[in-house]
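Chains as they are written, first to last, in this note's numbering: chain A, 1 to 152; chain B, 153 to 304; chain C, 305 to 456; chain D, 457 to 608.
These are calculated hints, taken from the structure and not from any lab test. Using N, Cα and C, we set each Cβ at its ideal position, and we do this for glycine too.
Selected chain A positions facing chain C (Cβ under 7 Å, derived; list incomplete): (1) Lys91; (2) Asn93; (3) Leu95; (4) Arg111; (5) Val118; (6) Met138.
Here are the simulated DMTMM-like cross-link-like pairs (lysine to aspartate or glutamate), alpha carbons at most 20 Å apart as the crow flies: (7) Lys22/A / Glu202/B; (8) Lys22/A / Asp11/A; (9) Lys478/D / Glu498/D; (10) Lys326/C / Glu557/D; (11) Lys326/C / Asp555/D; (12) Lys174/B / Glu186/B; (13) Lys22/A / Asp82/A; (14) Lys478/D / Asp467/D; (15) Lys478/D / Asp538/D; (16) Lys174/B / Glu101/A; (17) Lys174/B / Glu194/B; (18) Lys478/D / Glu405/C; (19) Lys174/B / Asp99/A; (20) Lys478/D / Asp403/C; (21) Lys22/A / Glu42/A; (22) Lys22/A / Glu253/B; (23) Lys22/A / Glu34/A; (24) Lys478/D / Glu354/C; (25) Lys326/C / Glu506/D; (26) Lys478/D / Glu490/D; (27) Lys326/C / Asp386/C; (28) Lys174/B / Glu50/A; (29) Lys326/C / Glu338/C; (30) Lys174/B / Asp234/B; (31) Lys326/C / Asp315/C; (32) Lys22/A / Asp251/B; (33) Lys326/C / Glu346/C; (34) Lys174/B / Asp163/B.
4 protein chains.
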Amino acid sequence: MNRGLSPADPDFERRTRASFAKQGAMAHLGASLERVEAGRVEIRLPFRPELSQQHGFFHAGIVSTIADTAGGYAGFTLFPADAGVLTVEFKINLLAAADGERAIAVGEVIRSGRTLTVCRLDAWVERQGRRTHCATGMQTLMRLVGRAGVKD
Amino acid sequence: MNRGLSPADPDFERRTRASFAKQGAMAHLGASLERVEAGRVEIRLPFRPELSQQHGFFHAGIVSTIADTAGGYAGFTLFPADAGVLTVEFKINLLAAADGERAIAVGEVIRSGRTLTVCRLDAWVERQGRRTHCATGMQTLMRLVGRAGVKD
Amino acid sequence: MNRGLSPADPDFERRTRASFAKQGAMAHLGASLERVEAGRVEIRLPFRPELSQQHGFFHAGIVSTIADTAGGYAGFTLFPADAGVLTVEFKINLLAAADGERAIAVGEVIRSGRTLTVCRLDAWVERQGRRTHCATGMQTLMRLVGRAGVKD
Amino acid sequence: MNRGLSPADPDFERRTRASFAKQGAMAHLGASLERVEAGRVEIRLPFRPELSQQHGFFHAGIVSTIADTAGGYAGFTLFPADAGVLTVEFKINLLAAADGERAIAVGEVIRSGRTLTVCRLDAWVERQGRRTHCATGMQTLMRLVGRAGVKD
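Just chain A, same shape as in the assembly (with noise of 0.2 Å):
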């Protein structure tokens, strides 16, 4: 799907887990970003009370968060070393109640053009083991050169 897309910048991934570290809010959830490749990153979540809906499931918000971040990520993996990324908007539908132990977000990049990058984003929920296909969305994000120091 990301059509043998090329990364600007050989050092790709270290450069994508130290901005990662640098989101207070991916701490704060208890994310962690597990496969960085060339315009594909992976993040999971376990689940605790503390990200729940008025049930007790994932918070349909808080699977968006880990999703928009997997896709801003996926893009951000094809940027050369010195351009930042934003998300110009994303869009999400939820395919199922996200009711599990743990929620895996995957943000893989469709289009990378000099300014616009257009990911997929998808998120199952994992319950005994079994995964579920809880949510798919689109996103587009712009491309700031020049400014990894203010949007990276």
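We have chain A already, so just place chains B, C and D on it with the hints.
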């Protein structure tokens, strides 16, 4: 904007606040339910580093989470007492960096149907007394009749 | 992708083609219904100047129209014989200029629920034998039970 | 709503009407450009059977096409004379069946940035003098500087 939509349950505010109080995620983020009107709900969220993206602004996903919640409860205010609410999908455009001391999200019902409700979502960030419109979106909700105990 | 979704009505292809034939808009644009499979529908549209935007490419709205129709009928293939279909909402990203002799739109069911169906939409443009992925989107459909005569 | 956005080119109305006149699709549908204001454009489309879905109402894709066009030109009114416009993405919720003699679409700029513009899209259908809000959406546009001759 809410077209004089009248709530099916006169006790909608109490019911809405009770459901919000059960959301572990809202407490974990530090969000509070401000105004609860028929077809319109406002949520506030003070900034803290635990809500940030890599540059210390509110994470777009966190802003989206309170916007999704505001819309969900805006729809919920109009439902009968035994109905639950479910987000079917939402989409959001990030208009400006959410750099400020406080974020405010408002959900407002545009269309209230028997099965589906459509809301407009908006978010602002306040910085030194100045409000910036930082996000706008749309949301589709589903009313789950007779399932308040499963999804409320 | 369609997850082995089985159609409720074995006669789905005939029923789908009959409904498509009633769409004045598809005839006016010159679109034809190509493959009709359970949960997947393909529509083709030859280019002509009457379908163009200001530079002679396919108008993005026209590409969106055949993508919306492909998704609507993809959902419809899985419905019982007496059910109608309604587009609740859709979102589409335009990935490339739709410059070519022919546009192809595919709608594919991701999730088929009792009330709501979610589809992925994709469109390609063909130019001198080469296909370019020009649009991708998502769509939510509603099943109208027992209302084939009102919305089919 | 358009926040006093001022057009970069005082001759924006003439330029907008000239570009609209080049869209083969608008003529083929029978759409006309009504009001052209800075940051706000209105398009009208009389009903005819060639614009219908399977039950004789306006096809949702056709309504979306005029809404997308209204938004695109709303953004275009604010651009410099040498800039072109491109739809990056749009999303639309269909609020009611578009059953009437005439459809009206309005695009309005919410945010006008250097590269990206965000518009709100709305459509109404008129039937026997009564207007029904049948669609609402959002759109992201890209400004193509110095490329009026390629994309205007």
